[in-house]
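Peer 1: Protein chains in written order, with my numbering: chain A, 1 to 448; chain B, 449 to 871.
Just so you know, these hints were derived from the structure itself, not from any lab.
Remember, it's a predicted structure, so these values are computed and weren't measured experimentally.
Even for Gly, the Cβ is constructed at its ideal location relative to N, Cα and C.
Treat the hints with caution; some may be incorrect.
As the list claims (entries may be wrong) - Distance ranges between label pairs, derived from CB positions:
id, chain 1, residue 1, chain 2, residue 2, range
1, B, G841, A, D379, 30 to 40 Å
2, A, H381, B, V596, 51 to 61 Å
3, B, G841, A, H187, 43 to 53 Å
4, B, S653, A, D429, 28 to 38 Å
Claimed, not checked - Per the computed footprint, the stretches of chain B lying under chain A, defined by three or more beta-carbons under 8 Å from a beta-carbon of chain A, are:
id, stretch
5, 534-546
6, 575-582
Unchecked claim - No farther apart than 35 Å at their CA atoms in a straight line, the calculated lysine-lysine pairs in the DSBU-like style are these:
id, chain 1, residue 1, chain 2, residue 2
7, A, K360, A, K399
8, A, K398, B, K535
9, A, K216, A, K303
10, A, K78, B, K827
11, A, K398, B, K623
As a plain string of letters, each chain reads:
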Amino acid sequence: MVNRKLIKELLSESACSHNKTKKVSCDKPKPGATSGGCAFEGAQIALFPYADAVHLVHSPAICLGASWETRATLTSFKGENNTVLGYCTDITTNDVIFGGDKKLEESLDYIITNKNPNAIFVYETCVTAMIGDDMDNVCGRVEQKHGIPIVVVHSPGFVGNKNLGSRLGGEAVLGHLIGTKEPKEVHPFGINLIGEYNATGDMWQYIPILEKIGIKVVSTLAGDGRIENIQMAHRAKLNVIVCAKSLITLCRKMQEQYEIPYISISFYGKRDTTNAIMSIVNAFGDEELIKKAKIVIAQEEAKLEDALRDYKKVLNGKKAILNTGGNKSWSIASALQDIGVEVVATSIAKATLEDIEIAKSYVPILIKSPANEQSKLIDEHGVDILLAGGRSLYTAIKKKIAFVDVNQEKKVSYGAYSGLINLAKDVVDALNNPVFKVVGTKAPWEIA
Amino acid sequence: MKKPLQINPLKLSQPMGALLAFLGVKNCMPLMHGAQGCASFTKVFFTRHFNDPIAIQTTAVNDITAIIDGGDYSISEAIKNITKKVKPDLVGLFTTGLTETKGDDIKGATLLVKDKQKIVYVNTPDFEGGLESGWSLSVQAMISQLIVPQVTINPNKLLLLPNVNLTPIEVEKIKESIELFGFEVIALPDISESLDGHLGEKQGSMSAGGVEVSTIELLGDSGIVISIGESMKKCGEKFKEIQPLSQHFHLSSVSGLIDTDNFYKILMGYKNIKTPPPSIIRWRKRLQDALLDTHFLIGSSNIVIADEADKSYALSKALKEAGAKISSVIVPTRSAINAFIESEKVLIGDMEDLENALEDCEVIISNFHAHRIAQKHHKALILRGFPNYEQVGNNMNNDVLYEGSCYLLFELANLIRESREKH
Numbered sequence: 001m002v003n004r005k006l007i008k009e010l011l012s013e014s015a016c017s018h019n020k021t022k023k024v025s026c027d028k029p030k031p032g033a034t035s036g037g038c039a040f041e042g043a044q045i046a047l048f049p050y051a052d053a054v055h056l057v058h059s060p061a062i063c064l065g066a067s068w069e070t071r072a073t074l075t076s077f078k079g080e081n082n083t084v085l086g087y088c089t090d091i092t093t094n095d096v097i098f099g100g101d102k103k104l105e106e107s108l109d110y111i112i113t114n115k116n117p118n119a120i121f122v123y124e125t126c127v128t129a130m131i132g133d134d135m136d137n138v139c140g141r142v143e144q145k146h147g148i149p150i151v152v153v154h155s156p157g158f159v160g161n162k163n164l165g166s167r168l169g170g171e172a173v174l175g176h177l178i179g180t181k182e183p184k185e186v187h188p189f190g191i192n193l194i195g196e197y198n199a200t201g202d203m204w205q206y207i208p209i210l211e212k213i214g215i216k217v218v219s220t221l222a223g224d225g226r227i228e229n230i231q232m233a234h235r236a237k238l239n240v241i242v243c244a245k246s247l248i249t250l251c252r253k254m255q256e257q258y259e260i261p262y263i264s265i266s267f268y269g270k271r272d273t274t275n276a277i278m279s280i281v282n283a284f285g286d287e288e289l290i291k292k293a294k295i296v297i298a299q300e301e302a303k304l305e306d307a308l309r310d311y312k313k314v315l316n317g318k319k320a321i322l323n324t325g326g327n328k329s330w331s332i333a334s335a336l337q338d339i340g341v342e343v344v345a346t347s348i349a350k351a352t353l354e355d356i357e358i359a360k361s362y363v364p365i366l367i368k369s370p371a372n373e374q375s376k377l378i379d380e381h382g383v384d385i386l387l388a389g390g391r392s393l394y395t396a397i398k399k400k401i402a403f404v405d406v407n408q409e410k411k412v413s414y415g416a417y418s419g420l421i422n423l424a425k426d427v428v429d430a431l432n433n434p435v436f437k438v439v440g441t442k443a444p445w446e447i448a
Numbered sequence: 449m450k451k452p453l454q455i456n457p458l459k460l461s462q463p464m465g466a467l468l469a470f471l472g473v474k475n476c477m478p479l480m481h482g483a484q485g486c487a488s489f490t491k492v493f494f495t496r497h498f499n500d501p502i503a504i505q506t507t508a509v510n511d512i513t514a515i516i517d518g519g520d521y522s523i524s525e526a527i528k529n530i531t532k533k534v535k536p537d538l539v540g541l542f543t544t545g546l547t548e549t550k551g552d553d554i555k556g557a558t559l560l561v562k563d564k565q566k567i568v569y570v571n572t573p574d575f576e577g578g579l580e581s582g583w584s585l586s587v588q589a590m591i592s593q594l595i596v597p598q599v600t601i602n603p604n605k606l607l608l609l610p611n612v613n614l615t616p617i618e619v620e621k622i623k624e625s626i627e628l629f630g631f632e633v634i635a636l637p638d639i640s641e642s643l644d645g646h647l648g649e650k651q652g653s654m655s656a657g658g659v660e661v662s663t664i665e666l667l668g669d670s671g672i673v674i675s676i677g678e679s680m681k682k683c684g685e686k687f688k689e690i691q692p693l694s695q696h697f698h699l700s701s702v703s704g705l706i707d708t709d710n711f712y713k714i715l716m717g718y719k720n721i722k723t724p725p726p727s728i729i730r731w732r733k734r735l736q737d738a739l740l741d742t743h744f745l746i747g748s749s750n751i752v753i754a755d756e757a758d759k760s761y762a763l764s765k766a767l768k769e770a771g772a773k774i775s776s777v778i779v780p781t782r783s784a785i786n787a788f789i790e791s792e793k794v795l796i797g798d799m800e801d802l803e804n805a806l807e808d809c810e811v812i813i814s815n816f817h818a819h820r821i822a823q824k825h826h827k828a829l830i831l832r833g834f835p836n837y838e839q840v841g842n843n844m845n846n847d848v849l850y851e852g853s854c855y856l857l858f859e860l861a862n863l864i865r866e867s868r869e870k871h
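Isolated chain A (complex conformation):
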C-alpha cells in the first residue's frame, strides 16, 4: 500500500533548508506543462544499481519497456549484472480485471528458482496500485518461503516526481535491509556512500584515493552496491551524501536510529574533490587520518596539474556559459574553473534554493531565464563555449561558438581528479572542432 503519511513526511523534510520557509515544498505537477520523470523512475535510479538483486517491476509494458538498460551505472559484480536487465510482470487486461497478485507470486517463484538472486526489489507502479494488488502480503509470504529479502518499493508514478521516488526507494531500503546483518568487524573509518550511483564509473575515480588514506566504504546506495553491504550499513561511522540531495531523509533517520552523522559533498572538480576528502576526514577528526589525507591530496593534485598542463594552455582565458539543472549548475561550473575556464554565467532555472546558494559562490552571473538571457550574454562577454542541453544547440550555431551537450548520456566519467582530465579533453575537443561554424554556414541559395 502507498503510505500517504510517509510521502507527506518525505515532501516536508525538515533537513531541507527550503522547507523552513515554504509550507508545501513540492507542488503537484501541472497538466500540459510538466516534464521530468515520475516516482517510479526515481526509485529505479536509486536502487537499480544493486547488481546482485533482481529488480522486478510490477506493471504493464510502459514502465519498464522503455526504461531498462538505459543508465551507464557500472558495477564490478562478478555474477549476472541485474542492473542492465529488465524484469516485468507485464500486466495485461486480464490482470487488471482479476488482479495481478497471482502473477506476481509466480514471477517471484520463477525468479528465485531460475536466477537465485541475493534479494529482490519489487516496484509498485500506477496500474498495480490502482487495481489494489496486495504486494506486501504476497512478497512477505514469498520471503518467508524462500528466505531471501524481498523489498517492496511503493513507487507508483502518480505519487510524485523522480526526487520523491528516490526517497521512497531509500525508505524501503532503510525499513527492510539496513540493520539486518552484523559485520564481522567494525572499521573505525567506515563510510556509506549515499546517492552515488556510479554513473560512468564516477566513484571508481575517488574510492582508491579514500582507501589509500585509510577510509573504508562499508556500503553504497547504490552505485556498484551489494545487498549484504547495505544490510550492514548501520555499522558505518559516517554517511556521505554525494551530490544528490534526495536521500537526505534517509540520512537524517539513520542519524536518529543509529547515531550516524552525515555530510553532503561533491566530487566534481579539483577543489570540490579536495574539499570532499577533507570533509570526510574532518568528520572523523582523527589527526593521523587528516595528516595522511593531506599527503595523498597533495600527490593527487600534483599528478592532476601535470596531466592538465597542455590542456590548460588552450583553456586558460576561455569563457564559458553553463546552462544545465540541479547541482550541475554549480558542480560543473566549479570543475570548469579548475581546468582554467572562466565561467561567465550559469543557469539556475532548474536549481533548488540550496543549489542557487552554492552557485552564487562560484559564478558571478546567475541566469534565471536562459531563453532570453543566454544569447545576449554570449555577445556581451565574448563567450567561447556554451555547455548546455540540446535545446541550446541552435544558439551555439547562430553565435558560431563551440558547444558541449552536458545533458547527453556521457560515456566517460568527469568525477574526481582523474575525471577532470576527461572533462578538459572534451572541452578542448569542442573548442577545436569547426563543426558549429561549418553547420552555421549559409546555403548558396540563402545568400542575398
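Guided by the hints, dock chain B onto chain A, whose structure is given.
Peer 2: Using the frame of chain A, we list chain B on its own:
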C-alpha cells in the same frame, strides 16, 4: 514451468506507438494521458533513438486526480496550459494503462474543449497490444475523426499508410517511388519530414514536420489507398468505409524482390501501364545482381531475428530470397502475420527468449538490447527496430524497395564475412 513474467522485454507499449504516429503530423502536440513518468520515459527513449528532440506533453495524473478526476479536469487543464504557450494545429490525445484502469471518458473530455483546440483522441492502454497496434489505432483515429467524407474521388490521389517500423527515409523513398507514377501521394502519418533528422530554423516544442492537418481533412477523395504491414490493414479498411469508391491495396511488406515486384504490379495495374519509370527497372537489375553477389555468404548463414511482427516478416522474407536460414524469430505481440513469418520457429517472447535461441546462429537482427547479448555470445549483430541507441543515422536505414533491399543484403553479407574473419 511456463514463464509468468517478461525478462528483458522486447515489447514496447501502445502509447509509444501512438506518440510516433502523432509526430508524423505537422504542428502537432502529442498529449499522453497518464502519470508524468509515462511521457518522460517515452520522450527520453525516442530522443536517444532519433538523436533529436521529441515533442510530447502529459496530463500529469497525480494521486488525487487518479481518484477523483474522470479525465475531464486534467485534459482540459492540459489543453489550457499547452495553448498558453503554443498554437498546435492538432493535439493527439492518447491514454495509458493508468487512465484506462480508472476508466476515463476521453471522448467526453475532448468534447468539452473542442471549441478551444482540435483534438484526435485514442485509447491506447499499455496493458494491451504494443508499438504496432498503438500506432495503428492512432492512425485509425485520425482517419475517422479528421477526414471529411467526400462524394467523389480523385483517382490520382494516393493515400499511403506506412507501418511504425518504416524509417523516415523508407517512407520518403516509398513516396518518391509512387510519385514517379504521377500520383499525388500523401503518407499518413508522415515521419519522413519530422523524424528524419534535419536541422530546422530553431527547436520547436511541437512536431518538426509531417502531414498537415488540413491535408488529412481533405484526404476523403483519395482514389487509392495502400497499406503496408499487417498492423495497417485495418487502417486501409477504415478509410474504405469513409470512401467506398476508393481502391484499397494491402501489402505485408515492400522489402525484397518479390514483395517489391508486387508493389509495382499494383501501381502499374492501377495506372494501366506496361513498364515502370527507367530508374525502377535499373534498381531491379541491381537487386538481382546483389542477390547473386551475396547469396554465397547469406546462403550459408543462420539468423535469429527479434523485432516487431511486421518488420520481422519483411526481413525474414527478404533475406530468405538470398538463401538465409532463419532459425528463430521472436516477436513482442500477437499478430496475424506471425503465422506467415518465414522461419523455423516463431514465438511471442522477450530478449531472454532471443538469448536462448542463439544456438548455431551466426547473426542476430534486433534492437540495441541485443548488443550486450551479441557480445556475450560472440555473434554478429545488425541493429534494427526500437530502440537503437548505438548508431547515429538510424533514421536513414533503408531496407525497402529494390534499392533498400540491395543495401540490406550488402550490409548482411559484409557483416558475415567480417565476423567469420574475426572468429
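Peer 1: If a hint holds in the structure, say so; if it does not, say that too.
Peer 2: Comparing the hints with the structure gives:
no. : hint                        : verdict
1   : B:G841 / A:D379: 30 to 40 Å : 34 Å, holds
2   : A:H381 / B:V596: 51 to 61 Å : 55 Å, holds
3   : B:G841 / A:H187: 43 to 53 Å : 51 Å, holds
4   : B:S653 / A:D429: 28 to 38 Å : 30 Å, holds
5   : 534-546                     : holds (count 3)
6   : 575-582                     : holds (count 3)
7   : A:K360 / A:K399             : 26 Å, holds
8   : A:K398 / B:K535             : 25 Å, holds
9   : A:K216 / A:K303             : 23 Å, holds
10  : A:K78 / B:K827              : 22 Å, holds
11  : A:K398 / B:K623             : 33 Å, holds
In summary, the structure agrees with every hint in the numbered list given earlier.
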